[in-house]
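Number of protein chains: 4
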Amino acid sequence: MSDTVRIGVVGLGRLGRRHAENLARRIAGATLVAAASPVAEERAWAERALNGVATYAGLTELLRHPDLDAVWLVTPTSLHADQVIEAVEAGKHVFCEKPLALDPADCDRAIAAAAGRPEQIVMVGFMRRFDPAYAEAKRLIDEGALGDIVAIRCVSEDPIDPDGFFVRFAPTSGGVFLDCCIHDIDLVRWMLDGVGFSAVAAVGSRIVTPALADCGDVDTASACVAFAGGTIADFYVTRTSHRGYEAAMTIVGSKATLEVGRAIPKLPLTLEQAGRRSVAGQGDFFERFGEAFLLEARAFVAAVRNGGPTPLGLGDAREATRLACAMRAALKVG
Amino acid sequence: MSDTVRIGVVGLGRLGRRHAENLARRIAGATLVAAASPVAEERAWAERALNGVATYAGLTELLRHPDLDAVWLVTPTSLHADQVIEAVEAGKHVFCEKPLALDPADCDRAIAAAAGRPEQIVMVGFMRRFDPAYAEAKRLIDEGALGDIVAIRCVSEDPIDPDGFFVRFAPTSGGVFLDCCIHDIDLVRWMLDGVGFSAVAAVGSRIVTPALADCGDVDTASACVAFAGGTIADFYVTRTSHRGYEAAMTIVGSKATLEVGRAIPKLPLTLEQAGRRSVAGQGDFFERFGEAFLLEARAFVAAVRNGGPTPLGLGDAREATRLACAMRAALKVG
Amino acid sequence: MSDTVRIGVVGLGRLGRRHAENLARRIAGATLVAAASPVAEERAWAERALNGVATYAGLTELLRHPDLDAVWLVTPTSLHADQVIEAVEAGKHVFCEKPLALDPADCDRAIAAAAGRPEQIVMVGFMRRFDPAYAEAKRLIDEGALGDIVAIRCVSEDPIDPDGFFVRFAPTSGGVFLDCCIHDIDLVRWMLDGVGFSAVAAVGSRIVTPALADCGDVDTASACVAFAGGTIADFYVTRTSHRGYEAAMTIVGSKATLEVGRAIPKLPLTLEQAGRRSVAGQGDFFERFGEAFLLEARAFVAAVRNGGPTPLGLGDAREATRLACAMRAALKVG
Amino acid sequence: MSDTVRIGVVGLGRLGRRHAENLARRIAGATLVAAASPVAEERAWAERALNGVATYAGLTELLRHPDLDAVWLVTPTSLHADQVIEAVEAGKHVFCEKPLALDPADCDRAIAAAAGRPEQIVMVGFMRRFDPAYAEAKRLIDEGALGDIVAIRCVSEDPIDPDGFFVRFAPTSGGVFLDCCIHDIDLVRWMLDGVGFSAVAAVGSRIVTPALADCGDVDTASACVAFAGGTIADFYVTRTSHRGYEAAMTIVGSKATLEVGRAIPKLPLTLEQAGRRSVAGQGDFFERFGEAFLLEARAFVAAVRNGGPTPLGLGDAREATRLACAMRAALKVG
Ligand SMILES: NC(=O)c1ccc[n+]([C@@H]2O[C@H](COP(=O)([O-])OP(=O)(O)OC[C@H]3O[C@@H](n4cnc5c(N)ncnc54)[C@H](O)[C@@H]3O)[C@@H](O)[C@H]2O)c1
Ligand SMILES: NC(=O)c1ccc[n+]([C@@H]2O[C@H](COP(=O)([O-])OP(=O)(O)OC[C@H]3O[C@@H](n4cnc5c(N)ncnc54)[C@H](O)[C@@H]3O)[C@@H](O)[C@H]2O)c1
Ligand SMILES: NC(=O)c1ccc[n+]([C@@H]2O[C@H](COP(=O)([O-])OP(=O)(O)OC[C@H]3O[C@@H](n4cnc5c(N)ncnc54)[C@H](O)[C@@H]3O)[C@@H](O)[C@H]2O)c1
Ligand SMILES: NC(=O)c1ccc[n+]([C@@H]2O[C@H](COP(=O)([O-])OP(=O)(O)OC[C@H]3O[C@@H](n4cnc5c(N)ncnc54)[C@H](O)[C@@H]3O)[C@@H](O)[C@H]2O)c1
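Read top to bottom, the protein sequences are chains A, B, C and D.
Quick note on numbering: UniProt numbering labels position 238 of the first sequence as 238, and the sequence is numbered without any gaps.
Quick note on numbering: UniProt numbering labels position 39 of the second sequence as 39, and the sequence is numbered without any gaps.
Quick note on numbering: UniProt numbering labels position 311 of the third sequence as 311, and the sequence is numbered without any gaps.
Quick note on numbering: UniProt numbering labels position 280 of the fourth sequence as 280, and the sequence is numbered without any gaps.
Treat the hints as calculated values from the structure; they're not laboratory data.
Check before you lean on any hint, since a few could be wrong.
Here are the simulated DSS-like pairs of lysine-lysine, each with C-alpha atoms no more than 30 Å apart in a straight line [unchecked claim]: (1) LYS332/C / LYS332/D; (2) LYS255/D / LYS266/A; (3) LYS266/A / LYS266/D; (4) LYS255/B / LYS266/C; (5) LYS266/A / LYS98/A; (6) LYS266/B / LYS98/B; (7) LYS138/A / LYS266/A; (8) LYS98/B / LYS138/B; (9) LYS266/C / LYS138/B; (10) LYS266/A / LYS255/B; (11) LYS332/C / LYS266/A; (12) LYS138/C / LYS332/D; (13) LYS332/B / LYS332/A; (14) LYS266/C / LYS255/D; (15) LYS138/D / LYS266/D; (16) LYS255/B / LYS255/D; (17) LYS255/C / LYS266/B; (18) LYS138/C / LYS266/B; (19) LYS266/C / LYS98/B; (20) LYS255/B / LYS332/A; (21) LYS266/B / LYS266/A.
Sequences and hints are given; from them, build the entire structure.
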């Protein structure tokens with residue numbers, strides 16, 4: 001392999017475009033050589049915006065690009081497992097956006113494919129693990145600063161979306177647990193070193209978005225989980241936040257408690273007017289995790305160049321999917 | 001009845017002493033005339049500290065005090081129902097500390113006794129309803145400022161107690177849901193105008209206090225509930241807080257979200273030292289709800305003087321007990 | 001003297017009414033027996049609201065009230081010195097609202113009168129010293145927790161007043177330094193144990209309230225002072241705050257820094273709406289210092305009953321006036 | 001000129017190294033071709049860390065580098081004026097770190113040199129203007145959202161430095177006003193569109209660092225300024241902060257007040273332990289203004305490529321020096 005990792009991105013939607021720009025400009029040691037999308041305008045955008053990168057209609061075509069080292073999958077979740085398998089079997093390193101798949105069985109197929117190729121890096125993109133605040137929290141737990149972990153409380157909020165875009169997206173996304181809460185599920189498992197769960201419950205509301213009933217989804221949910229070691233966790237997730245984008249976690253230990261990422265302002269600006277002080281929240285996950293997306297990409301590239309280890313492998317991604325599915329199965333709506 | 005309400009307090013423990021001092025000095029329109037406790041030192045304290053108030057060994061004796069208008073019960077929870085009934089049948093107005101009882105059947109007995117005495121005020125002391133912040137939240141909901149209520153998230157924390165006093169207290173207190181979480185349960189029901197619940201789940205941890213296993217209790221728990229109207233609620237409750245005493249609630253509406261009472265400092269003082277800024281939390285429920293205890297007592301006294309209505313009746317208290325019992329029954333420990 | 005201190009209040013305006021109610025109802029050991037005001041409606045209010053207290057047209061008449069122990073002056077500042085002298089010479093204990101007078105010479109006359117009557121308590125009402133947060137700051141300084149005091153930074157803000165009431169009040173109030181900033185001046189001198197100042201400068205703005213030019217006043221000012229021991233202080237004071245009432249202080253020591261009273265919310269409520277989080281500020285000094293007014297009154301009453309010492313004497317009040325006058329003299333407007 | 005701006009950096013100290021890395025890797029449209037320092041180890045570092053950039057012992061030598069477009073001065077402040085003149089006369093675009101010089105006369109010499117070369121960009125590095133929060137504040141002022149500007153309050157704090165490094169640095173840095181406060185001076189002038197000042201006062205303390213007396217400097221100072229339009233400003237600056245690095249500003253308008261950059265945490269992490277909540281502050285100006293340094297460099301490069309205009313010219317830098325000198329002249333120590 002050349003010293004520079006040659007990457008092809010697949011999927012140029014909301015998030016794919018962002019990954020493509022990062023890989024093209026901001027990741028030393030990597031170069032973006034190809035991009036794929038079935039949509040002509042997306043390919044036209046890539047040619048224009050990404051220094052004349054080669055474009056293809058799909059993964060199969062992109063895999064034939066000469067000297068390609070790695071594939072970066074940012075396609076709809078329902079395609080992930082098959083595309084991981086196809087790319088792995090074509091001998092490529094693979095980065096795949098979260099979640100790996102919508103059920104454990106699909107994850108297992110991808111795991112089986114990767115198992116035969118231990119020299120290829122196959123990583124799933126739970127980028128929050130690369131955020132400096134969550135990473136520091138993990139470090140503090142590991143060094144014992146918090147003591148035993150008693151409880152972890154998670155909050156993930158998407159700004160309220162009056163267009164209801166996510167309603168159309170819901171059926172293929174897997175619903176609020178598999179699409180949103182999955183980040184916190186992965187983080188909790190990471191913080192707890194992968195301990196297994198022993199009880200799961202969840203309640204949800206679709207008062208704001210009744211149309212979600214069609215696919216059994218909710219816009220706001222609360223789940224609680226008991227883990228084998230005696231730790232509990234709860235997960236609040238909503239698509240109808242008035243505060244803006246929010247990703248927060250409270251880690252309660254026997255010695256100390258750590259609150260991560262709560263109510264981060266868009267900018268450090270407080271407005272005082274009419275007797276009130278106010279602060280704007282963040283707009284979306286790009287604002288909150290822009291740096292984490294870069295660090296995640298650098299970690300993948302470093303793993304490829306160093307021949308491993310994988311920063312975040314398929315086994316963990318499978319377990320996250322399994323717990324999210326358990327939440328979905330447990331969901332009660334009032 | 002004289003214009004001033006003559007009150008006898010029963011129970012002079014941790015909280016009873018405080019109620020007695022309030023009634024003796026800070027409630028216009030009321031006068032503390034008697035106090036009861038089986039403990040001689042507690043009676044001696046009352047004689048010394050409360051202007052020579054008459055003291056008795058128990059409720060039965062105190063009820064014979066001449067011209068007594070009302071009884072204020074601050075006794076162990078297991079005695080509440082029977083004492084309410086005895087005092088009601090003696091023709092007294094009754095204030096009873098929360099919770100009314102540890103199961104709905106006991107509540108029903110008290111309700112039956114009170115039903116025959118509509119002219120007597122019988123009130124339960126969920127003092128948080130009288131806190132100006134929670135009261136303002138209720139007002140904003142009622143005027144529609146938050147829209148439909150999608151979710152309510154509750155936090156109640158007691159400071160970590162290295163002596164484990166509460167462990168000895170646990171068997172008779174009813175456990176973490178009936179003793180602590182009950183406040184939030186009452187508040188959520190109040191905010192939602194008493195709507196019924198349709199699903200309940202709970203997980204708990206006793207990593208910090210394994211001795212609680214003996215009575216099936218936990219020191220930290222997370223419960224979630226779905227209500228008939230489609231609202232969800234979650235309840236986090238702990239006896240091992242590192243932050244201090246905390247009572248907080250986030251009310252998520254379709255139009256706006258309101259956060260009540262979060263991380264109130266002991267004093268408005270921030271210390272900067274060694275590159276960190278720090279703030280002390282509150283020490284106990286007296287610090288947080290000192291004013292609410294006064295307002296609650298004033299509301300009782302006003303109801304007695306005005307001939308009603310009861311600010312917070314036995315029916316609500318019964319439903320709070322019922323939901324807390326459902327949480328306890330649902331509790332899973334990992 | 002009887003065991004209960006019999007007090008007559010003089011001045012029933014904005015603040016006098018509040019003091020009168022406190023003395024009538026909330027100060028154990030004191031009883032309000034008389035109230036004076038030249039305004040008939042104010043006297044009528046007192047008779048109605050204060051349990052049939054005796055009323056008089058002025059101080060001279062009130063001093064003839066039988067068995068009066070103490071006089072509580074809440075009159076316009078320009079009257080303070082003469083009224084203190086008259087009351088002291090009539091043999092009464094005296095509480096006088098801040099500032100003692102608008103120039104040091106008037107203060108000296110009051111001091112001379114009081115000097116001959118050491119057995120009478122003569123106290124000035126800088127109530128912020130009795131606020132638990134400022135008091136705790138003083139305690140921390142005294143115990144050495146902050147090290148040497150390098151700088152003190154003060155902020156006093158009155159909510160913007162569209163009616164410009166304070167403009168009419170400005171000529172007799174002495175202006176922004178003598179009327180508002182005087183609280184912080186007293187606090188800084190207290191924190192620094194009364195050390196003398198060696199340099200004073202001030203700048204001011206009347207962009208919002210040009211009418212203040214008539215009496216040489218400003219609505220917003222910033223002053224800085226060097227003290228003999230090497231500490232510096234700055235004072236920001238405004239009558240046009242958008243945040244609400246604010247009284248804050250940052251005490252910078254060689255070991256640690258303490259921030260007192262910053263941005264205290266009206267209630268512990270955060271509203272999330274339209275992507276912003278907002279909190280209401282406090283409305284006026286009653287909200288912020290309600291408890292301090294009570295503690296100040298209790299301290300006066302205790303001093304009277306114990307035969308001293310005076311909690312806050314005329315000497316300190318004179319020095320505060322002297323520094324405020326120096327700021328006014330130094331004021332530059334751009 | 002080629003499409004890519006070829007830049008030589010002069011000075012590879014604390015800040016120069018950072019600028020060099022940015023120019024070498026993070027600024028599209030620019031390339032770092034040369035670096036100069038009289039210190040051999042610094043040159044060795046540059047060769048190693050900056051992709052084999054050419055190195056020189058000083059500006060004069062570096063100016064002979066072939067095809068150099070621009071010079072980036074990060075040398076001791078006392079050298080700035082002469083080096084700007086030398087580079088300008090060599091026909092180069094110039095970026096010069098703040099402050100331009102330690103007195104207005106030196107600034108004037110640089111201005112005169114640049115005046116004859118209007119086609120060359122000559123920019124001074126007040127990077128805070130490029131920080132998104134300060135920039136948004138400027139935008140809000142310009143669109144009238146704050147109304148007329150009544151007062152601006154500035155805070156700049158460096159973490160307390162037990163080694164007293166800055167004491168040795170003080171004589172050549174120009175002291176606390178010219179070295180630190182100069183950022184806020186420039187910002188205030190920018191916010192106020194360059195209006196002139198009419199009064200200046202300052203007090204300072206060296207309780208923590210008495211050794212500063214040798215060069216007439218202080219570690220903590222407070223200055224206040226009246227401007228021609230009626231606005232006032234105050235400036236607090238310290239080298240002995242317990243909070244960490246801090247750059248904050250409160251802009252008080254007739255319609256609203258805006259607080260910029262206050263108490264930004266190092267990471268969004270709150271630790272709860274022993275009844276206190278605490279947050280770590282930022283460590284230095286790199287943490288706070290890392291992005292601003294990049295945006296500033298991009299603005300310079302864009303101006304060079306577009307043929308102007310200069311983002312931040314010598315005239316403004318001269319006026320900032322003039323006001324800082326006025327503060328130093330006015331300084332009183334208690
Ligand atoms: N890490 C995060 O926080 C985060 C955030 C958003 C999305 N995601 C994940 O990223 C993935 C994409 O999400 P999105 O929001 O960008 O969706 P999107 O619908 O905006 O984009 C999907 C892209 O895939 C392309 N595509 C569709 N079918 C394809 C095919 N057969 N072959 C190749 N490309 C095809 C589409 O043209 C489009 O470009 C999802 O798995 C989602 O869960 C992760
Ligand atoms: N509202 C709140 O936030 C809050 C807080 C604490 C306690 N409480 C409630 O108050 C009640 C008392 O709690 P506590 O913490 O003060 O308990 P405690 O054990 O400190 O006090 C109980 C008191 O009851 C007395 N007592 C016991 N048996 C009695 C009897 N037969 N007759 C008369 N008195 C008797 C005891 O001598 C003691 O004085 C409980 O129901 C508890 O749930 C409410
Ligand atoms: N401690 C504080 O924070 C604080 C706050 C507000 C006012 N004050 C001080 O309190 C004093 C009163 O302020 P206010 O805002 O209540 O003013 P106000 O104008 O509202 O009230 C003044 C009162 O004095 C009465 N009065 C006027 N002349 C009198 C006379 N000759 N004899 C008796 N009474 C007379 C008036 O009728 C009125 O009742 C001032 O000295 C002011 O500085 C202190
Ligand atoms: N924008 C900011 O916030 C900020 C922060 C820090 C420093 N600064 C400014 O940056 C400048 C440098 O500060 P620093 O902290 O990096 O100082 P420093 O002392 O760490 O570095 C100075 C550098 O200049 C080099 N140098 C000395 N004499 C030279 C000469 N004759 N020719 C070429 N190079 C020479 C030194 O070898 C060293 O590499 C100062 O003007 C300072 O005010 C600005």
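Hint-by-hint comparison with the structure:
no.: 1; hint: LYS332/C / LYS332/D; result: holds (17 Å)
no.: 2; hint: LYS255/D / LYS266/A; result: holds (22 Å)
no.: 3; hint: LYS266/A / LYS266/D; result: holds (15 Å)
no.: 4; hint: LYS255/B / LYS266/C; result: holds (22 Å)
no.: 5; hint: LYS266/A / LYS98/A; result: holds (25 Å)
no.: 6; hint: LYS266/B / LYS98/B; result: holds (25 Å)
no.: 7; hint: LYS138/A / LYS266/A; result: holds (25 Å)
no.: 8; hint: LYS98/B / LYS138/B; result: holds (20 Å)
no.: 9; hint: LYS266/C / LYS138/B; result: holds (16 Å)
no.: 10; hint: LYS266/A / LYS255/B; result: holds (21 Å)
no.: 11; hint: LYS332/C / LYS266/A; result: violated (38 Å)
no.: 12; hint: LYS138/C / LYS332/D; result: holds (26 Å)
no.: 13; hint: LYS332/B / LYS332/A; result: holds (17 Å)
no.: 14; hint: LYS266/C / LYS255/D; result: holds (21 Å)
no.: 15; hint: LYS138/D / LYS266/D; result: holds (25 Å)
no.: 16; hint: LYS255/B / LYS255/D; result: holds (27 Å)
no.: 17; hint: LYS255/C / LYS266/B; result: holds (22 Å)
no.: 18; hint: LYS138/C / LYS266/B; result: holds (16 Å)
no.: 19; hint: LYS266/C / LYS98/B; result: holds (28 Å)
no.: 20; hint: LYS255/B / LYS332/A; result: holds (24 Å)
no.: 21; hint: LYS266/B / LYS266/A; result: holds (29 Å)
Hint violations for this structure: number 11 only, all remaining hints satisfied.
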